[in-house]
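Protein chains in written order, with my numbering: chain S, 1 to 270; chain H, 271 to 588.
None of these hints come from the bench; they were simulated from the model.
Values in this document were obtained by computation on a predicted structure and should not be read as measured data.
The C-beta atom is built at its ideal place from N, Cα and C for all residues, glycine as well.
A portion of the hints provided could be inaccurate.
From the derived model, a few chain S residues whose C-beta atoms are all more than 12 Å from chain H [as the list claims (entries may be wrong)]:
{"hint": "1", "residue": "V51"}
{"hint": "2", "residue": "E54"}
{"hint": "3", "residue": "Q59"}
{"hint": "4", "residue": "G79"}
{"hint": "5", "residue": "C106"}
{"hint": "6", "residue": "A166"}
{"hint": "7", "residue": "G172"}
{"hint": "8", "residue": "Q220"}
{"hint": "9", "residue": "A242"}
{"hint": "10", "residue": "K258"}
{"hint": "11", "residue": "L260"}
DEER-style ranges, computed between Cβ atoms [said to hold, decoys possible]:
{"hint": "12", "chain 1": "H", "residue 1": "L497", "chain 2": "S", "residue 2": "R95", "range": "18 to 28 Å"}
{"hint": "13", "chain 1": "S", "residue 1": "Q229", "chain 2": "H", "residue 2": "D449", "range": "23 to 33 Å"}
{"hint": "14", "chain 1": "S", "residue 1": "Q225", "chain 2": "H", "residue 2": "N553", "range": "16 to 26 Å"}
{"hint": "15", "chain 1": "H", "residue 1": "P441", "chain 2": "S", "residue 2": "G129", "range": "48 to 58 Å"}
{"hint": "16", "chain 1": "H", "residue 1": "T292", "chain 2": "S", "residue 2": "Q126", "range": "30 to 40 Å"}
{"hint": "17", "chain 1": "H", "residue 1": "I478", "chain 2": "S", "residue 2": "Y10", "range": "36 to 46 Å"}
{"hint": "18", "chain 1": "S", "residue 1": "P97", "chain 2": "H", "residue 2": "K395", "range": "54 to 64 Å"}
{"hint": "19", "chain 1": "H", "residue 1": "L568", "chain 2": "S", "residue 2": "A6", "range": "25 to 35 Å"}
{"hint": "20", "chain 1": "H", "residue 1": "D449", "chain 2": "S", "residue 2": "A6", "range": "27 to 37 Å"}
{"hint": "21", "chain 1": "H", "residue 1": "D447", "chain 2": "S", "residue 2": "Y10", "range": "51 to 61 Å"}
{"hint": "22", "chain 1": "S", "residue 1": "L251", "chain 2": "H", "residue 2": "P343", "range": "40 to 50 Å"}
{"hint": "23", "chain 1": "H", "residue 1": "V442", "chain 2": "S", "residue 2": "L251", "range": "54 to 64 Å"}
With a cut-off of at most 35 Å between alpha-carbon atoms, the simulated DSBU-like pairs for lysine-lysine come out as follows [what the hints assert, rightly or not]:
{"hint": "24", "chain 1": "S", "residue 1": "K156", "chain 2": "H", "residue 2": "K302"}
{"hint": "25", "chain 1": "H", "residue 1": "K395", "chain 2": "S", "residue 2": "K262"}
{"hint": "26", "chain 1": "S", "residue 1": "K186", "chain 2": "S", "residue 2": "K156"}
{"hint": "27", "chain 1": "S", "residue 1": "K262", "chain 2": "S", "residue 2": "K186"}
{"hint": "28", "chain 1": "S", "residue 1": "K186", "chain 2": "H", "residue 2": "K293"}
{"hint": "29", "chain 1": "S", "residue 1": "K2", "chain 2": "S", "residue 2": "K262"}
{"hint": "30", "chain 1": "S", "residue 1": "K258", "chain 2": "H", "residue 2": "K366"}
{"hint": "31", "chain 1": "H", "residue 1": "K395", "chain 2": "H", "residue 2": "K293"}
{"hint": "32", "chain 1": "S", "residue 1": "K2", "chain 2": "S", "residue 2": "K47"}
{"hint": "33", "chain 1": "H", "residue 1": "K293", "chain 2": "S", "residue 2": "K2"}
{"hint": "34", "chain 1": "S", "residue 1": "K156", "chain 2": "S", "residue 2": "K258"}
{"hint": "35", "chain 1": "S", "residue 1": "K156", "chain 2": "H", "residue 2": "K293"}
{"hint": "36", "chain 1": "S", "residue 1": "K2", "chain 2": "S", "residue 2": "K156"}
{"hint": "37", "chain 1": "S", "residue 1": "K2", "chain 2": "S", "residue 2": "K186"}
{"hint": "38", "chain 1": "H", "residue 1": "K532", "chain 2": "S", "residue 2": "K186"}
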Amino acid sequence: MKIARATAHYVLLCLCSVVILFPVAYALLMSLMDGAAILSGRLWPEKGTLVNYEAAFQQAPLGRYLWNSFFVAFMITVGRLIVSSLAAFAFVFLRFPGRDRWFYVCIATMLVPWEATVIPNFLTIQALGWTNHYAGLIVPFWAMAFGIFLLRQQFKQIPHELYEAAQLSGMGNFRFFCRVVLPLSKTSLVTLAVYSFLDAWNMYLWPLLVTNDDRVRTVQIGLKQLQTQEIASSWGVVMAAAVIAMLPTLLLLFAGQKQLRKGLMQGAIQ
Amino acid sequence: MGSPMNERVSTVPSPAPWSVRTKREARQAAIKSWLEGMVYLCPSLLLFGVFLFYPLGRTMYLSVFHTDYQGHPTEFVGLAHFVALLQDASFWHSLKATVLFAALTVPTTVAVSFGLALLAHETRKGIGIFRTIFASTMGMSVGVASVIWMFMYNPAIGIINRLVSAIGGTPVSWLLDQDTALYAVAAATIWMNIGLTFLLLLAGLQNIDPSLYESARIAGMSYWRQLWTVTVPLLSPTLFFVTTVSLIQALQTFGQIDFLTKGGPVEATNVFVYAIYREAFVNYQFGSASAQALVLFLIIAIVTFLQFRFAERKVHYQ
């Protein structure tokens, strides 16, 4: 009975895995075939070829797109960590007039969907001359209510006695923030970092609007370019590009999955 | 930094430094603490101001104007854009497509992810691998997922039509057919969204006290009874949370539409955000696009607000 149950469980797990992994496996297999093999409807490459990968890097500046995505996502992540942790610190440890009011202002921003602001933001970026600049892709995403909220939940777990002790020993607020609060909050900071990076890498509408130059275009827009330019016989190239573009986030997710699962819930349900 | 201030303070005749504070001292201290607080808050507030509150106000402003191609308001029209929207069949159509899209994706995503979370919650050898696989679609960006599904849907050489032909069916132009396009995009979207929803639900399951299951087992409850009497009630805040998050996500769908169908065929997949995008950045009707964006804002604000209220009640309840 027990063995039967375990077997059934594993069978179910495997079936679900096959369904979920299928699109990825399919893309991988297709990326290893040449045009003729894809058209023939084969599912398994007779002999693998890397021509599609070569072509993806030669026909399109895929390397450049990847670097742009990486740089933009990295800078958004770093900026978010700094901006959110500073605000969260003020909300938890500092006492000043109007503090709670400002907290509600920050939380209220969660009600506003990005799309409700996208038109004036586009015009602002244009006015600033930030179209086709990294700054236009990065700076608008630094402030984030969810990040402030998540870190505030975490900072509240730090015993207030620590803060009082630091004050008595003459440690300034900023030093306390750097030396005590941040090191004690590694888990939440990593959670926010992984989440932000995935989120930023995934960004689509905004880069579509504010870039039209290959030098700053991100990989999402690059894929769109490839897909619109390619004809049916070059699907292998598109699949090769897709496989390469999924690698960074997939690796990050594998590394940070456990962390993300624990950390996100903390911010979500508390 | 504080020394000149202290000197001035010391000239004030006050016996104990902390017991009796003069009004001025208290005010100075308040101003100082306020300044310090604001230093920490100012990056967030400044960014919210420039990229969120100002543009939100500006969207409201633009929604009552005609604009030129650069987005400058030219002529005040009052509520004309809103009135025109309500009379516009294509606005209602896109609202309908959005609602249908949400109805197709949200319940399915949550149900499938819930099933996967239940499967992956049990402790077994190698379960970590399955958890990673189930969460993996979270690492699929919208571009990657879209091009893969686009190829799978390809009428001539995609795998889906090959399977259809293999079992004797007639091939379908999934993304080019008015009747199937929205369903096809929805299926791809469900796959993309499973990862995050699964991860959140799994975390929720792991927060449930295992001793409750122990007592349920001792009481002789079957697996399904346990599911209904222990798991579902205790997971309900998480379930509610992921449902609202998925709903908001569905209302904001853009990327996969732009990749897969571009709102077509015949507007069948012209969901709300795609309609706004086209109105603003293809037709350059910034005023009327702003009016549409405000309608979206209103809908999403209501959903988010309800989520907050419900979550708050849950916290008090616990």
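Going through the hints against the structure:
At roughly 17 Å, the least C-beta separation between S:V51 and chain H is larger than 12 Å, which holds for a residue marked as non-interface. Once the 12 Å rule is applied to beta carbons, S:E54 is consistent with being away from chain H; the minimum gap is 19 Å. With a least CB separation of 15 Å from chain H, S:Q59 remains clear of the 12 Å interface cut-off, as annotated. Some Cβ of chain H comes within 12 Å of the Cβ of S:G79; the nearest lies about 9 Å off, and the non-interface call is violated.
Not every beta carbon of chain H lies more than 12 Å from that of S:C106, the smallest distance being close to 6 Å; the non-interface claim is violated. Every CB of chain H lies more than 12 Å from the CB of S:A166, the least distance being 15 Å, so the non-interface label holds. Its beta-carbon lying about 10 Å from the closest one in chain H, S:G172 breaks the requirement of being farther than 12 Å from that chain. Distance check on S:Q220: its Cβ comes as close as 4 Å (rounded) to a Cβ of chain H, failing to clear the 12 Å threshold; non-interface status is violated.
Remark: the non-interface label on S:A242 conflicts with the geometry, its nearest Cβ contact in chain H lying 5 Å away (cut-off 12 Å). With a closest Cβ-Cβ approach of about 8 Å to chain H, S:K258 is found to fall inside the 12 Å limit, against its non-interface label. With a least CB separation of 6 Å from chain H, S:L260 falls inside the 12 Å interface cut-off, contrary to its annotation. Take H:L497 and S:R95: their Cβ atoms lie about 47 Å apart, and the range 18 to 28 Å is violated.
Separation of S:Q229 from H:D449 is about 29 Å and conforms to the stated range, judged on CB atoms against 23 to 33 Å. Taking the beta carbon of each, S:Q225 and H:N553 are about 23 Å apart, inside 16 to 26 Å as hinted. At roughly 50 Å, the beta carbons of H:P441 and S:G129 sit within the given window of 48 to 58 Å. At about 53 Å, the beta-carbon gap between H:T292 and S:Q126 misses the expected band of 30 to 40 Å.
A hinted range of 36 to 46 Å for the beta carbons of H:I478 and S:Y10 is inconsistent with their spacing of about 23 Å. A hinted range of 54 to 64 Å holds for the C-beta pair S:P97 and H:K395, which are about 57 Å apart. At about 51 Å, the beta-carbon gap between H:L568 and S:A6 misses the expected band of 25 to 35 Å. For the pair H:D449 and S:A6, the supplied restraint of 27 to 37 Å is violated, since their beta-carbon distance comes to about 44 Å.
About 39 Å separates the C-beta atoms of H:D447 and S:Y10, a value inconsistent with the hinted range of 51 to 61 Å. A hinted range of 40 to 50 Å for the beta carbons of S:L251 and H:P343 is consistent with their spacing of about 47 Å. A beta carbon spacing of about 36 Å between H:V442 and S:L251 contradicts the range 54 to 64 Å that was offered as a hint. With a CA separation close to 23 Å, the supplied pair S:K156 and H:K302 stays within the 35 Å bound.
Between H:K395 and S:K262, the direct Cα distance comes to roughly 21 Å. Compliance with the 35 Å bound is thereby established for this hinted pair. As the CA atoms of S:K186 and S:K156 are separated by approximately 14 Å, the hinted pair is consistent with the 35 Å bound. Taking the CA atoms of S:K262 and S:K186, the gap is near 13 Å; set against the 35 Å cutoff, the hint holds. Straight-line distance between C-alpha atoms of S:K186 and H:K293 comes to about 42 Å, which puts the hinted pair past the 35 Å bound.
Taking the CA atoms of S:K2 and S:K262, the gap is near 30 Å; set against the 35 Å cutoff, the hint holds. The suggested pairing of S:K258 with H:K366 is violated, with an alpha-carbon distance near 38 Å, which exceeds 35 Å. For a cut-off of 35 Å, the pair hint linking H:K395 to H:K293 is broken: about 68 Å separates their Cα positions. Restraint check for S:K2 and S:K47: not satisfied, since their Cα atoms lie roughly 43 Å apart, outside the 35 Å limit.
The suggested pairing of H:K293 with S:K2 is violated, with an alpha-carbon distance near 76 Å, which exceeds 35 Å. Our distance criterion of 35 Å between C-alpha atoms is met by S:K156 and S:K258, whose separation comes to about 22 Å. Restraint check for S:K156 and H:K293: satisfied, since their Cα atoms lie roughly 32 Å apart, inside the 35 Å limit. Taking the CA atoms of S:K2 and S:K156, the gap is about 45 Å. The hint is violated against a cut of 35 Å.
This hinted pair does not check out: S:K2 and S:K186 have alpha carbons roughly 41 Å apart, beyond 35 Å. Pair hint H:K532 plus S:K186 does not hold up; C-alpha atoms about 42 Å apart against a cutoff of 35 Å.
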